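S.K.: For chain G, the structure is supplied; the task is to place chain H on it using the hints.
Number of protein chains: 2
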Amino acid sequence: MSSICFQNFKFASPATMLKLRFCGSMMRCLSRCAQKKYEPISISKSLRENSPEAYAIMREAVIKLERQSARFTNVLLSPKEQAANEVIMREKNAEYNKGYLEPGNGNTDEPPYLVLNKIKETPLYSLLQKMPKGGLLHAHDTAICSSAYLVELTYRKHLWICTKNEGADAIAFRFSKEKPTMKATEECSWEPMEEFRERRGEANVIKYLLRRFSMYPVSSYATNNAAWQDFMSIFMLLDGLLLFAPVWRDYYYNALTELHADGVQYLELRSVMPNLYCINGEQLDIMDTMEIYKSETERFKANNPDFIDAKLIYAPLRIVEPKVCEDYIKNCIAFKKNYSTFLAGFDLVGQEELGRPLIDFVEQLLKLPEDINFYFHAGETNWYGTSIDENLVDAVLLGTKRIGHGYAIIKHPLVMNMLKQLDIAVEVCPVSNQVLQLGQDYHNHPAAMLIANGVPIVISSDDPSFWWASPLTHDFYYAFLGIAPFHADLRFLKQMAMNSIRYNAMAEEEKKKAFEKWQKQWDKWIDDVAK
Amino acid sequence: MSSICFQNFKFASPATMLKLRFCGSMMRCLSRCAQKKYEPISISKSLRENSPEAYAIMREAVIKLERQSARFTNVLLSPKEQAANEVIMREKNAEYNKGYLEPGNGNTDEPPYLVLNKIKETPLYSLLQKMPKGGLLHAHDTAICSSAYLVELTYRKHLWICTKNEGADAIAFRFSKEKPTMKATEECSWEPMEEFRERRGEANVIKYLLRRFSMYPVSSYATNNAAWQDFMSIFMLLDGLLLFAPVWRDYYYNALTELHADGVQYLELRSVMPNLYCINGEQLDIMDTMEIYKSETERFKANNPDFIDAKLIYAPLRIVEPKVCEDYIKNCIAFKKNYSTFLAGFDLVGQEELGRPLIDFVEQLLKLPEDINFYFHAGETNWYGTSIDENLVDAVLLGTKRIGHGYAIIKHPLVMNMLKQLDIAVEVCPVSNQVLQLGQDYHNHPAAMLIANGVPIVISSDDPSFWWASPLTHDFYYAFLGIAPFHADLRFLKQMAMNSIRYNAMAEEEKKKAFEKWQKQWDKWIDDVAK
Chain G
1 MSSICFQNFK
11 FASPATMLKL
21 RFCGSMMRCL
31 SRCAQKKYEP
41 ISISKSLREN
51 SPEAYAIMRE
61 AVIKLERQSA
71 RFTNVLLSPK
81 EQAANEVIMR
91 EKNAEYNKGY
101 LEPGNGNTDE
111 PPYLVLNKIK
121 ETPLYSLLQK
131 MPKGGLLHAH
141 DTAICSSAYL
151 VELTYRKHLW
161 ICTKNEGADA
171 IAFRFSKEKP
181 TMKATEECSW
191 EPMEEFRERR
201 GEANVIKYLL
211 RRFSMYPVSS
221 YATNNAAWQD
231 FMSIFMLLDG
241 LLLFAPVWRD
251 YYYNALTELH
261 ADGVQYLELR
271 SVMPNLYCIN
281 GEQLDIMDTM
291 EIYKSETERF
301 KANNPDFIDA
311 KLIYAPLRIV
321 EPKVCEDYIK
331 NCIAFKKNYS
341 TFLAGFDLVG
351 QEELGRPLID
361 FVEQLLKLPE
371 DINFYFHAGE
381 TNWYGTSIDE
391 NLVDAVLLGT
401 KRIGHGYAII
411 KHPLVMNMLK
421 QLDIAVEVCP
431 VSNQVLQLGQ
441 DYHNHPAAML
451 IANGVPIVIS
461 SDDPSFWWAS
471 PLTHDFYYAF
481 LGIAPFHADL
491 RFLKQMAMNS
501 IRYNAMAEEE
511 KKKAFEKWQK
521 QWDKWIDDVA
531 K
Chain H
1 MSSICFQNFK
11 FASPATMLKL
21 RFCGSMMRCL
31 SRCAQKKYEP
41 ISISKSLREN
51 SPEAYAIMRE
61 AVIKLERQSA
71 RFTNVLLSPK
81 EQAANEVIMR
91 EKNAEYNKGY
101 LEPGNGNTDE
111 PPYLVLNKIK
121 ETPLYSLLQK
131 MPKGGLLHAH
141 DTAICSSAYL
151 VELTYRKHLW
161 ICTKNEGADA
171 IAFRFSKEKP
181 TMKATEECSW
191 EPMEEFRERR
201 GEANVIKYLL
211 RRFSMYPVSS
221 YATNNAAWQD
231 FMSIFMLLDG
241 LLLFAPVWRD
251 YYYNALTELH
261 ADGVQYLELR
271 SVMPNLYCIN
281 GEQLDIMDTM
291 EIYKSETERF
301 KANNPDFIDA
311 KLIYAPLRIV
321 EPKVCEDYIK
331 NCIAFKKNYS
341 TFLAGFDLVG
351 QEELGRPLID
361 FVEQLLKLPE
371 DINFYFHAGE
381 TNWYGTSIDE
391 NLVDAVLLGT
401 KRIGHGYAII
411 KHPLVMNMLK
421 QLDIAVEVCP
431 VSNQVLQLGQ
441 DYHNHPAAML
451 IANGVPIVIS
461 SDDPSFWWAS
471 PLTHDFYYAF
481 LGIAPFHADL
491 RFLKQMAMNS
501 IRYNAMAEEE
511 KKKAFEKWQK
521 QWDKWIDDVA
531 K
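Chains as they are written, first to last, in UniProt numbering: chain G, 1 to 531; chain H, 1 to 531.
Looking at chain G on its own, in the form it has when it is part of the complex:
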């Protein structure tokens, strides 16, 4: 039937029709539809002479074909999962009816955190929070824990704060028994944290720090560059607080705790691997930093048997001379030697616009041994046709296993096709992209095109600490309601969770076990939701 259809089918002219490559498969699909559900209806020679019934068949075939290219539509649901799906879709539609996902709403002056807080109150959010989401594959070392936890840390003994403008602006922290002698990034004066707290009033200090540890108010950023400037200033402020070895250890353990409570069972953490310091000012080796990560991971796993694991991506700053990258490579080889399975791979971090493009480091990067994988940030921009979005080409040609952000990927159809063919997943971070001014309206987020084209993605949160988002649930909420198609359902959520294991850095044997642990939690959750 398909070839007959093909002959009789006419769009514009026979010449253009012959070019219609998709037609063969459309007609096969059409013919299947016709055999299964309908009486065969012949397609007219002219479109206008079609009967409305024939048109309806043709249309259904196209819509079906289209939807199939979004991979999640092929996920199968058990009867119990179907029951759970009904609950979820009911809540999803309730959310749509509230209207704050209406197109254009992202453009209002309402700060994202107020929306994030509203979202937290919804039944759908509760469902998503409890959902076993698998792994978080894109998150940065000092930007995971809640701001409330950061404030708690400022109550620790021997903490000093360096402020300017009579205490109005916090510039640095430092743990020390004596007044610190180190220079901060700006001129400022040191005082013990207790004194600062007393002088300014505890409530004021808490309020100030909560704000200062975040990027709010976001509305003051005119551009992506302005947002990045503030973003980096938080990282720098936090250094003195978090690089204190005992705090570093506790911060990481707490990050795992918060993630776990948010339905995350696995973490691949990007760390710049800084030198930590002790109370006497002594600097530790970066191998000690690694050891803290490793031992805290083991401790957490021992205390939480359903937690799968964590691994580390060594991700130093890209805003360096290429020769510095040689040191990075040496460090990475040393990490691999001592922490062979704990080290997931290598990346470079920092704003792509200001840092160097990957092409500048190719000579060094090619020297990394083949058993260390790349997990490159690339294309975290909405520019098109610059050295920044062309990082995407280098990431793929260097053999990256995943792409961090890849916001600009949709302007690179060849690279997008390579991702599909090579099964490279894009780490999509919806809230991060909004706060960092890449796009305001989730409906325009490029991940929708990745979904439509069947490019593998995982949902990640990047730096949730800095915008008061939950460790991963808010990003799932926006991916589900704002980015995925209107009809996306539990199949989409299930695929996102499974992708986070499929595309992680584990060896095949590890993955198998990880899937089992996830499945156990998943089945339990489905049971709960279906009830």
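By construction, these hints were calculated from the structure, which means they are not laboratory data. Keep in mind that this is a model prediction, so the values were computed, not measured. There's no promise every hint is true.
Identical copies look the same in the list; a pair holds intra-copy or inter-copy alike.
What the hints assert, rightly or not - The calculated lysine-lysine pairs, modelled on DSS-like cross-linking and capped at a C-alpha distance of 27 Å, are:
{"#": "1", "residue 1": "64", "residue 2": "401"}
{"#": "2", "residue 1": "207", "residue 2": "80"}
{"#": "3", "residue 1": "511", "residue 2": "294"}
{"#": "4", "residue 1": "420", "residue 2": "64"}
{"#": "5", "residue 1": "164", "residue 2": "301"}
{"#": "6", "residue 1": "517", "residue 2": "98"}
{"#": "7", "residue 1": "157", "residue 2": "177"}
{"#": "8", "residue 1": "80", "residue 2": "511"}
M.R.: Below, chain H without anything else, positioned relative to chain G:
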């Protein structure tokens, strides 16, 4: 060489490598590069064992291949055009350096018209305004002329205004010798325009009307729906002013004059084809409306020999019961009978979210004779997976010759591929999409993906009157600087101009002549710029 390369080339694993369909063509391209420019360098078995030189060749091949898929990169420039291109690129880079195209800038509170005014002052804008841009293929009957011209019209004899809130809100206009008896859309009181002007002060009235005839301030729109509500209210207010037959005639002639001065030589106008009225209240037949269009077009052509032509797309409202579409079809057949070549085709207009989707009208639409083409609005939304963006499927399956807006097309890869294969152009209206809240940042405009994928587009302005934009130049400016790749140059501009003739509704013989007329102006412009 290519097959040897293929064998020795390894990305991730041999299995995934075999799937790498693009590799054949990449390797052929690579081999060509190598033969032409470089000493042949063998590609290593492992990516990491590549030399930086081999990597550079491979990378260049991929970047070249990528850029080729954007059609404009294949446009050839004469030596004179190359000289003009240097001037244009110098001015383009100067614009980038001013920073208001920096990503994220669209998110600020600065109203678009202030930016539009700034743009008008730039040398690049002057160049683009004088550039022969070919045809404007997407514009609506009562939304082309400048607001200043609309204010001028309010000085005509026998005009009445209906206001509420003691004259603070204009609800309707009407030309009449006596006080109008007709009901306006809201309760209001009629008074002669002269009296109103005197009572409120002329300067105030001018200021008020300029604002009221536009969508500013745009910042008050929370959503796309809110923007549409105000948008439609301007159309309704203008009805009484413009549907007066003598004014209708002059408005259209003035639209052609403004377009012509903005470097436009051809127009395909979408009109709802309203019944016009005379000073005694008599209603004219819609065939009279058509006749005014036709005779004014001829008059304008006679007065401006370098102007190519205008055609009309009959485009009544989609927010009707399907049976009303039967009347539309009858009207359209009558238009075709009397104005065979002047009628370009048929469309349905109005907000897709509120109006009916095309699928509801299929039975009626299929009855339109085959010699009347469709030019459907479809997918003017950023929703994904709803009846609104699925209008795109119906537009193509009904055999549309172009797509109006198609903002959601990138979420429909199959339809996007069909556009490419069937050579259907998308009418891209950048400023309209911003004002109507589909997206704030031009860097995220979906047309970038259409360009990257080689889907044909034309640049249009939709309703420039309502946002104080120039008839077409502002949209070209944003398409060139905000949407097209950083490296887009005169080749892009030339292709956009040529596309507007290639994808218009003319017969082949007409097109040939149109190209000649355009080429003449183009060569003159190139001469001027190159000097």
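S.K.: Quick one: residue 511 to residue 294, C-alpha cut-off 27 Å, is that within a copy, between copies, both, or neither?
M.R.: within (19 Å within a copy, 71 Å between copies)
S.K.: Evaluate residue 64 and residue 401 at a C-alpha cut-off of 27 Å and name the case that applies: within, between, both or neither.
M.R.: For residue 64 and residue 401, the Cα distance is within 27 Å only across copies (23 Å; inside one copy 31 Å).
S.K.: State whether the alpha carbon distance between residue 157 and residue 177 is at most 27 Å within one copy, between copies, both, or neither.
M.R.: within (9 Å within a copy, 88 Å between copies)
S.K.: Regarding residue 164 and residue 301, is the shortest C-alpha distance of 27 Å or less found within a copy, between copies, in both, or in neither?
M.R.: Neither way: residue 164 and residue 301 sit 42 Å apart in one copy and 71 Å across, limit 27 Å.
S.K.: Could you figure out if residue 420 and residue 64 sit no more than 27 Å apart (CA to CA) within one copy, between two copies, both or neither?
M.R.: So residue 420 and residue 64 pass the 27 Å test inside a copy (20 Å) and across (20 Å) alike.
S.K.: Can you tell me if residue 517 and residue 98 fall within 27 Å by alpha carbon in one copy, between copies, both or neither?
M.R.: This pair counts as neither: shortest intra-copy Cα distance 36 Å, inter-copy 54 Å.
S.K.: Using 27 Å as the alpha carbon limit, work out where residue 80 and residue 511 are close: within a copy, between copies, both or neither.
M.R.: Classified as within: same-chain Cα gap 25 Å, cross-chain 62 Å, threshold 27 Å.
S.K.: What label fits residue 207 with residue 80 when the C-alpha limit is 27 Å: within, between, both, or neither?
M.R.: Answer is neither; intra-copy 46 Å and inter-copy 64 Å both fail.
The structure is inconsistent with the numbered hints 2, 5 and 6, although it conforms to all the rest.
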